[in-house]
Amino acid sequence: MTEPATAAGSVTVRELRRDVRGWRRARATAPLSQIVEDAYVWVFSALVVGSEVGSVLVNLSRESDTACTTAGCQGARAMLPWLVASLAVVAVLGTARMLGPVFVTPAVGSWLLTTPIDRGGLLRPRFLSVASAAAVAVALPTVAAAALSGMAAAPAALLVVVTAAVGGVAVAGAALAQAARPSATSLVAWLLAGATWLALVATGDGRPLVSEPVHRLDPTLWALLAGAAVAVGAASLLAVRRLTSLPARTVTPGGRLVPAVSGALASLDPALAYDVVQVHLARARGFVRSHRGGPHGLAAVCWRDVTRLRRSPRPTLVLLAGVAVPVAAWRAGAGTVDVLVAALVGFVAGVPLVGSLRSWTLTPSLVRTLPFRTDQVLHAALVVPACVLLGYGLAVIPVLHAAGVGWSDAVLVGPAVGVVALTSGVRWIAGRPPDYSRPLVSTPAGGVPTNLYGSVVRGFDVLLLTVSPMLISPTVVGAWVSILLSVVVVEVIVRRR
Amino acid sequence: MALLEVRGLTRRYGEMTVLDGLDLDLEAGQLLALVGRNGSGKSTALRCIVGTDQRTSGEVTLDGRPYDERASWVRAAVAVVMDDLDFFPDLSVIEHLDLMAAAHGVADAEKTVDDVLDDLDLADQGDQLPHSLSSGQRRRLGLATGLVRPKRLLVLDEPEARLDAEGRAWLVDRLRREKEAGVAVLLASHHPQLVDALADHVVRLGEPDEHGEPGSSAQPRGSA
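As they're listed, the protein sequences go chains A and B.
Per the numbering used here, the first sequence starts with residue 1, numbered consecutively.
Per the numbering used here, the second sequence starts with residue 1001, numbered consecutively.
Okay, chain A solo, but in the shape it has when bound (with noise of 0.2 Å):
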């Protein structure tokens, strides 16, 4: 009998990727000029889009420096900067620690990972675009922040370097993290998260740690500059001898998980995403200790809920130092659009608060195993939401007052707010998605549903419906045309189901 031959030796990850990237070159569909008329589209598209934003945000900037005059507005301006790359770095620990960060997709999983080849060659290209992805995703909205503060362009582009190499440096931290203490990355996370709101919080007390925008380079930005710098190629160095020890459960679950986001974000439908990363969660959890007991009929619907928020409170707290935010506004001057603020904060930190309505509305089978009528179980998954948000309103009523609300109108006004965040969450989580069965529109894109661009401002679309009457008239009468309109769009939303 002869041995089987060694595969170890004979092929080298770049020979490998080399002939890989051969056979789908054979295969190319597209000839040269198409590809070169897309890359031409793409960047025009690019292009254009960039200078619409940087006009709008150079002419935001001059308005603010005109409007802003007081030492509180002054205060926020110069922290916005800092605190949007601070929130920028916790979204990429968080998506870091949800992705790996390093992951492959399922079929270099099946096909690659099983073979002897040199796992961390194979794994470096693809820990080297998620770092630079996350500097991208970190600088990005820092960039608009800085223009935003009134910074000057020098400190403003370092400011952007440093907070991009921190990105990078998030990124690598949680790569070396990823085999033997991923949840050390959840940690840094929530310490960094903490930190923000605390200046946030700072901030709105009319103390931020930042008072004015930096206009001229000092050592401080060069040292963090330097810090940055060392950072970024110490970690990433220790991160990319660490990836040939990287076990295979842990890289391919995130190589699952983006496709799936990535499609159901082609098709528009951010709460489809969202789903696929709760299922996501769920299966990457795989335990939890069940609560027992509670009351029957309807009533143990919303139990339910009561046994999600007592096993997670993540979202109700999130929601809770949310507060900070329209406090902050006030502070720099908002004036009674922080009933917008507040809504939008509600709204976007309630979401997942109103999850069940999700799985309700998502999967009919499930509601017909119970013995209700299906409207009768979602206003019942309603309940412990509108009461959570209705708490929200209640918190954020003292800050309206200070914003230019009077007492006996922001007694109201307050809980309106939470009722209009409630109504948001519930057309975004169960409004109807693009529906592909529905006559087409022609575009040069092809044929899309009526609905698919709708879907992409669903909540926020009822957000600004709702919440109109409280900015037009922050009053009584304002605040119930607002709960008025809020009921009937719920109404429409659960009886259409």
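Bear in mind the hints are in silico, worked out from the structure with no lab data behind them.
Fair warning: this is a prediction, and the values are worked out from it, not measured in the lab.
Watch out, some of these pointers could steer you wrong.
Per the computed footprint, the stretches of chain B lying under chain A, defined by three or more beta-carbons under 8 Å from a beta-carbon of chain A, are [claimed, not checked]: (1) 1082 to 1092; (2) 1127 to 1140.
Some residues of chain B that are not near chain A, with every Cβ distance over 10 Å (derived) [as the list claims (entries may be wrong)]: (3) MET1001; (4) ARG1007; (5) THR1044; (6) GLY1182.
Every residue gets a Cβ at the ideal spot worked out from N, C-alpha and C, and that includes glycine.
On the provided structure of chain A, position chain B as indicated by the hints.
For chain B alone, coordinates are given in the frame of chain A:
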């Protein structure tokens, strides 16, 4: 009067006729099995009966009243276990079944749930989240949702699928007990032993009629 009556149930997809004038009667305490090859229309028949698929024509009544799956009295009376059952990503196996039992007002919900989990060999998976279960375990959890609650009619689509030999033996025993408790059982099955052991009526789908079109033939099996 039969608990479930189906008259002239027809389902067409464009030019293709999958069900053509299916008639069924099912009394309390009886089991009616739909059998036939893959694609013969068993699952389509079940979906049309329980209202999750559009009927081209035909009538379905439960207790003499039109069967409307949206009505809460139908949901209270009929337990449907199909392959499309999904789960909450963040509730454990036990919490799903507790919810089902509590929503249906089962008096001793926790004990009932524990018994069903034991029966289905899912006791060790009680704290597990459904998406981390194997496909066979998820199938058994689906079965559990139908068993943990009170019902007058139990509708099952290939309940033996993904069950091992021991599980199938348990299923036969469990369905016999459901019948003895007066529950009417309507199932689609590929499992001859299950059908032979329990069915009071067998309806073969996909048998060509005299015109060569797909039809059905009902075979009462004595104990009705």
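Going through the hints against the structure:
1. 1082 to 1092: holds (count 10)
2. 1127 to 1140: holds (count 6)
3. MET1001: At about 23 Å from chain A, MET1001 (chain B) clears the 10 Å cut-off, so the statement holds.
4. ARG1007: Check passes; 23 Å lies beyond 10 Å.
5. THR1044: holds, 16 Å
6. GLY1182: GLY1182 (chain B) clear of chain A: closest Cβ-Cβ about 18 Å, beyond 10 Å.
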